[in-house]
Amino acid sequence: MRDKYIPQDIEPQWQARWAEQRIYNVPQPAAGGQEERKFYVASMLPYPSGDLHMGHMRNYTIGDVVVRYHRMKGERVLSPMGWDAFGLPAENAAIKDGIHPATRTPNNVAAMKQQFAKMGAMFDWEREVNTSSPEYYRWTQWLFLKLYAMGLAYRGKGLVNWCPKDATVLANEQVVEGKCERCGTVVVRRNLEQWFFKTTAYAQRMLDDLDGLDGWPERVRTMQRNWIGRSEGAEVDFAIAGSEGKFTVFTTRPDTLWGATFMVLAPEHALVETITAPERQAEVAAYKEQASKQSEIERLATDKEKTGVFTGAYAINPVNGAQVPIWIADYVLTTYGTGAIMAVPAHDERDFEFARKFGLPIKLVYNTEPPQDATTMPSAILHTGVAVAAGPFTGLPDAAETVSKVIAWLEAQGFGRGKVNFRLRDWLISRQRYWGAPIPIVYCDHCGMQPLPLNQLPVVLPLDVAFKPGGESPLARVESFVNTTCPACDGPARRETDTMDTFVDSSWYFMRYCDPQNIELPFDKAMVDYWMPLDQYIGGVEHAILHLMYARFFTKALYDAGMISISEPFTKLFTQGMVYLNGAKMSKSKGNVVPVDDFVARLGADAGRIYVLFMAPPTDDSEWSDAGAIGASRFLGRVWHLLDEGIDLHAARPAAADLDKAAREIVGHANRLVERVGSDIERFHHNTIISAYMDFVNKLSDYREQQGQTAAFNEAARLFLLVLAPAAPHIAEEIWQRLGGKGSIHLQAWPSVDSAFLQAEEMTIVVQVNGKLRDRLTLPAGMDEAAVKEAALAADKVAATLNGRQPTSVLYVPGRLVNVVVK
RNA sequence: GCCGAAGUGGCGGAACGGCAGACGCAUUCGCCUCAAAAGCGAACGGUUAACAGCCAUGUGGGUUCGAGUCCCACCUUCGGUACCA
276 MRDKYIPQDI EPQWQARWAE QRIYNVPQPA AGGQEERKFY VASMLPYPSG
326 DLHMGHMRNY TIGDVVVRYH RMKGERVLSP MGWDAFGLPA ENAAIKDGIH
376 PATRTPNNVA AMKQQFAKMG AMFDWEREVN TSSPEYYRWT QWLFLKLYAM
426 GLAYRGKGLV NWCPKDATVL ANEQVVEGKC ERCGTVVVRR NLEQWFFKTT
476 AYAQRMLDDL DGLDGWPERV RTMQRNWIGR SEGAEVDFAI AGSEGKFTVF
526 TTRPDTLWGA TFMVLAPEHA LVETITAPER QAEVAAYKEQ ASKQSEIERL
576 ATDKEKTGVF TGAYAINPVN GAQVPIWIAD YVLTTYGTGA IMAVPAHDER
626 DFEFARKFGL PIKLVYNTEP PQDATTMPSA ILHTGVAVAA GPFTGLPDAA
676 ETVSKVIAWL EAQGFGRGKV NFRLRDWLIS RQRYWGAPIP IVYCDHCGMQ
726 PLPLNQLPVV LPLDVAFKPG GESPLARVES FVNTTCPACD GPARRETDTM
776 DTFVDSSWYF MRYCDPQNIE LPFDKAMVDY WMPLDQYIGG VEHAILHLMY
826 ARFFTKALYD AGMISISEPF TKLFTQGMVY LNGAKMSKSK GNVVPVDDFV
876 ARLGADAGRI YVLFMAPPTD DSEWSDAGAI GASRFLGRVW HLLDEGIDLH
926 AARPAAADLD KAAREIVGHA NRLVERVGSD IERFHHNTII SAYMDFVNKL
976 SDYREQQGQT AAFNEAARLF LLVLAPAAPH IAEEIWQRLG GKGSIHLQAW
1026 PSVDSAFLQA EEMTIVVQVN GKLRDRLTLP AGMDEAAVKE AALAADKVAA
1076 TLNGRQPTSV LYVPGRLVNV VVK
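Just so we're aligned, residue 276 is where the first sequence starts under the numbering used here, counting upward by one.
Be a bit skeptical, because a hint or two may be false.
[Claimed, not checked] Once the Cα atoms are required to be at most 30 angstroms apart in a straight line, the calculated DSSO-like pairs of lysine-lysine come out as: (1) 473 / 694; (2) 936 / 1064; (3) 863 / 936; (4) 454 / 371; (5) 800 / 473.
[Stated by the list, open to error] Simulated DEER-style distance windows between Cβ atoms: (6) 297 / 468: 48 to 56 angstroms; (7) 729 / 292: 37 to 45 angstroms; (8) 752 / 292: 48 to 56 angstroms; (9) 857 / 292: 35 to 43 angstroms; (10) 575 / 896: 44 to 52 angstroms; (11) 816 / 448: 17 to 25 angstroms.
The set of hints was computed from the structure by calculation and includes no laboratory data. Source: prediction; values computed, not measured. For every residue, glycine included, the Cβ atom is placed at its ideal position computed from N, Cα and C.
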């Protein structure tokens, strides 16, 4: 072929051919016909910002290599793609430049789809989903109603960021240093009536099932376990002195009840208003206002000075009748436990700090040996010592068994009950925004809240809306949308104007891919049963908790609804790193991007693919380097010239026994490369695949230089081309076709390894003295232990180091190393 | 703050508890050229006359015949922290 490697000439042609021949479209297999193993792989779907940059290219190329590899392994591979198209950015853009999200979104999708094609990423576009299309969100609404019918969707109070000046709800992202990013007003937290999904009902199952997810990174499982945050303890009821009222606290340490010297309610606790003494009301109100200006992260910071105020009310400790003051403090949250705690400063660090700051008494339940004094102890006593003042439990050790005994006693006395509490909260899905799936509920003055009948779906987003900063959600101002009729009585009714969190859309899209055209149901059970669970899910670590938790919740709920047969969606999970440019994550909003279009036009898709795979281990973040990308392009040039002529893909494959040493070696290298590339793809070490290619190309060039284009060269080149195909699909296909390959290289079988070429004839033994390298010996493979040790001890450098001393022992690691140990 | 990670040459990185720095980038030198680019070849952690030796994988300890790798503490950076997705 003897011409220049010009990727811009060959790449578009192959992309068109592959699409035309639909080599990556996957029809549903005929019923019962499961002759091939299925392999369902998906990368988390992107938000359609309008431009793919090299950060995207890295994410999707990692997945594309996996897709092409499994396809060559003869599996039935499903690799779909879609668009997570609802959400805040489109709405913000609409406010800023007046372009309607319903116009912008399809334009962005069309642009990005073209860019996807230029990357050489193969998806089954016939299964494309767009979460913002009525054909999709209709089913998101359908599933909402399903969860509602199951009792998993309910209305309740939830805190939101509120800008008092704009009179609008803000996303956390829109709150900068406690102020509204638009107008600079201090943001407060307001309690609004909103929709929730009951994720807590699945807390225990989501926790238990993590144990079975051994295809997930351990760190993600750990993060999820901690997020769910199971803790065992008790609920204890406290009466309020001088009133009929009472309240309940959750504690993991009911055994320290005898040391409770004050109570703390969250400032937002419903009881605060009724119990606050008249003379303390001004102070309490001021504190509540101050607390409302803080984020949860600020409130929970343990290094921050404790704050709080006394309400003037007292609670009665059920175990000893003691009257203790009730305070409010921001370190207690309404969202965890009951929003109220008993404070035991002697045995809890935060309570200890609080008591010291406000001069509250500290009472020891347990004491150490030697004993400490409550007034002088430097910190709380945690899990050590023996009970000195625990009513009937005095004398017991500070241990889990004591806690269990106390819980049983509390239950017998009617003071409280054992309780398992989770840190996980119910999922607040309401958004006071326009660009999301409307919640399919109406409110009727006569019939109250009514779910819409399924045949009235979708509730379509009206297009004629006014976007302006501030004020309520645009939907609430659209009379024609809001006013409707009640499905129960046909009387006038009002629609819910909240839309759903975009995480709802992305909690089930991977099931829609299995049956994307269904117009009767979200998906057909048999189709989902065939493809699900995903064999491989790929996405950023930033989704390790929220998205993955929500998707797991949805899967379990739909399993309980009988809609699917699996209760975990993702068998294997891979989390990839991000691409940085000038020290910041490459992103359009920051303006630091290398667009895929520009790169491909300059150096070609294959060079981009090779570089993004090579730049760092796929799990790691990595800084973009233009020079590095040029190196990748140079590598492909070398490949082109190495395989440029005289190779016959159809020649008979040489047997090891018929070849000379150099030939056996080069074919051996090629076989090892096949093995290496396969195992590195399976364990997601894509960067070392590329270095293995480079290493091999160097060896093959040397071989050709010295031995010429022999049958062994031919065979080694053939194997290399096949294993290069997943990473650099265009150049591999082009060379394959020029050399007379039959059919697309991507539909060839992955080469099998010929073990006759893998046997080494020699081994290199590293010789150490006391763990330090002293020599290296080349010995015949298979030499026995005694002979190897003898050779090692005989080595000059070893003798010199020993200098006459007798070794105390000699260790041998077969085929690798000898360590001579000497005093 | 809390939860989870990561720190190895000038740079990106490699290394089943067993040869630290594979592979590449940058740099320098050489070949080719009238010249340049491209291409090809060589050198390239520090110390050193040396390819001998010693030092070297964020810092300080520990386990081990042997630690970049395992354990403890600390420092720095990154991700998440429930309305960015």
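Going down the list of hints, with the structure as the test:
1. 473 / 694: holds (18 angstroms)
2. 936 / 1064: holds (28 angstroms)
3. 863 / 936: Given pair residue 863, residue 936 is violated - Cα atoms ~55 angstroms apart, limit 30 angstroms.
4. 454 / 371: The given pair, whose Cα atoms are some 19 angstroms apart, holds under the 30 angstroms limit.
5. 800 / 473: holds (24 angstroms)
6. 297 / 468: 48 to 56 angstroms: Check passed, 50 angstroms falls within 48 to 56 angstroms.
7. 729 / 292: 37 to 45 angstroms: holds (43 angstroms)
8. 752 / 292: 48 to 56 angstroms: holds (51 angstroms)
9. 857 / 292: 35 to 43 angstroms: Check passed, 38 angstroms falls within 35 to 43 angstroms.
10. 575 / 896: 44 to 52 angstroms: violated (27 angstroms)
11. 816 / 448: 17 to 25 angstroms: holds (19 angstroms)
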